[in-house]
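Numbering (the working numbering), first residue to last: 71 to 155.
Don't take every hint at face value.
With a Cα cut of at most 27 Å, we get these calculated DSS-like pairs of lysine-lysine [said to hold, decoys possible]: (1) 90 x 75; (2) 75 x 108; (3) 109 x 90; (4) 117 x 79; (5) 109 x 75; (6) 79 x 108; (7) 143 x 117; (8) 79 x 90; (9) 79 x 109; (10) 117 x 90; (11) 143 x 79; (12) 117 x 75; (13) 143 x 75.
These are calculated hints, taken from the structure and not from any lab test.
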Amino acid sequence: MAVSKVSRKGLTTIPANVRKELGIEEGDILIWDVDVEKKIAIVRAVKDPSKYLKGKYSDPNIVYDKIEGEADKLIADEIHAHNRV
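Work the whole structure out from these sequences, hints included.
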């Protein structure tokens, strides 16, 4: 088991032992599946987002840079929303 704390801005650090066990590195994408009823979150580390999206979207124009840019924008929007509170 590992423990981390959420900052005022909604950020947390993934404990080193968890990063090592799961092979999580800088730049990896984390996919969060949340079960509100059970109050649990399952987090998956994705090295190649295009593999995660394969089959979900049939648009051949989706490229890593576009996905990464959208992810960065969503994260920035979330941080700005937390800053306004």
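Status of the hints after comparison with the structure:
1. 90 x 75: 19 Å, holds
2. 75 x 108: Between residue 75 and residue 108 the Cα gap is close to 20 Å, so the pair holds against 27 Å.
3. 109 x 90: 25 Å, holds
4. 117 x 79: 25 Å, holds
5. 109 x 75: With a Cα-Cα distance of about 17 Å, the restraint between residue 109 and residue 75 holds, given a limit of 27 Å.
6. 79 x 108: 24 Å, holds
7. 143 x 117: 19 Å, holds
8. 79 x 90: The hint holds at about 25 Å.
9. 79 x 109: 21 Å, holds
10. 117 x 90: Holds, at roughly 14 Å.
11. 143 x 79: 16 Å, holds
12. 117 x 75: 24 Å, holds
13. 143 x 75: It holds: about 24 Å lies between the C-alpha atoms, which stays within 27 Å.
Checked against the numbered hints above, the structure violates none of them.
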